[in-house]
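Using the hints provided, position chain R relative to the given structure of chain D.
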Amino acid sequence: LAKTTQPISMDSYEGQEVNITCSHNNIATNDYITWYQQFPSQGPRFIIQGYKTKVTNEVASLFIPADRKSSTLSLPRVSLSDTAVYYCLVANQAGTALIFGKGTTLSVSS
Amino acid sequence: GAVVSQHPSRVICKSGTSVKIECRSLDFQATTMFWYRQFPKQSLMLMATSNEGSKATYEQGVEKDKFLINHASLTLSTLTVTSAHPEDSSFYICSARDLPTMGYGYTFGSGTRLTVV
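Chains D and R, in that order, are what the protein sequence lines are.
Throughout the first sequence, residue numbering follows this note's numbering, covering 6 to 115 in sequence.
Throughout the second sequence, residue numbering follows this note's numbering, covering 7 to 123 in sequence.
SDA-like cross-link-like pairs, simulated, lysine to any residue; straight-line CA separation at most 25 Å: (1) 107/D to 119/R; (2) 47/R to 23/D; (3) 47/R to 114/D; (4) 107/D to 15/R.
What the hints contain is simulated information worked out from the structure, not anything from laboratory work.
So here's chain R without its partners, still in its complex pose:
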């Protein structure tokens, strides 16, 4: 139980375009989801907390106008990287927790490798 599906797994886009990444909780409802970014050989860095039906909470230094987060339903959160540039190339990962099935353990998506050319 508590599966999080993330799509796409890999995307290449041109500089200046926008890319949308989807994160779905398949067998539970997630009122809160989390978005992370991971650069090569580094740890995961929290970008934002996505809340169903309300605005996301962004971590310091993360541009909310560049990384648009929408959490319109209890099973779907999306991250849109707007006007992407090569420095936005990274591995993006979403996460959620289902207390009834996993207790305090969090479930992570498989990640999205974004390459901006």
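Pulled out of the complex, with its shape left as it was, chain D reads as follows:
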């Protein structure tokens, strides 16, 4: 699976939009991009997945350019409870294990 690279940390204030970008230069044709959120002492929680262009759900949006070598997770109007670690991971059709990078620690302040 393609290795992913994300910023180590980001800071934001309540009510702002946060965009976390991830690079996955070696993504394969049939791979999908997935994002997860993890709070301390909890397992990761699936947020969103996408193949190309834009995907939106009730929690976030995911933007994927045509070359698919990167993706951006967009969190609208963050709150203090969005303080967490966010992981960008590439998933394949075969369902092999996800390989975690360091993730992005998002800190939201009031």
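Chain R in isolation, oriented as in the chain D frame:
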């Protein structure tokens, strides 16, 4: 849908004893489950891939005789930490994927905090 239940959430054991952690897929069948370990302020590290009805595949550096994995049914995988030592203290997390309900998204258990004293 696609819920994974992990028990216990927290366990303390004495050095030299064994501890079993259970991971159940509640509303789907999981032929494959994954076990991770996470140390404080670090990312998840894949330990092994658990396959129903066959032997688990361990990642390099993970002792298969110490971390016994059993996946006897389509809804249950267990991780047994044998002869636990303080350095085995960590947060253990299981995961599985249900393609029909979640597509390429994986579901994770809530984790087990193991403390060896």
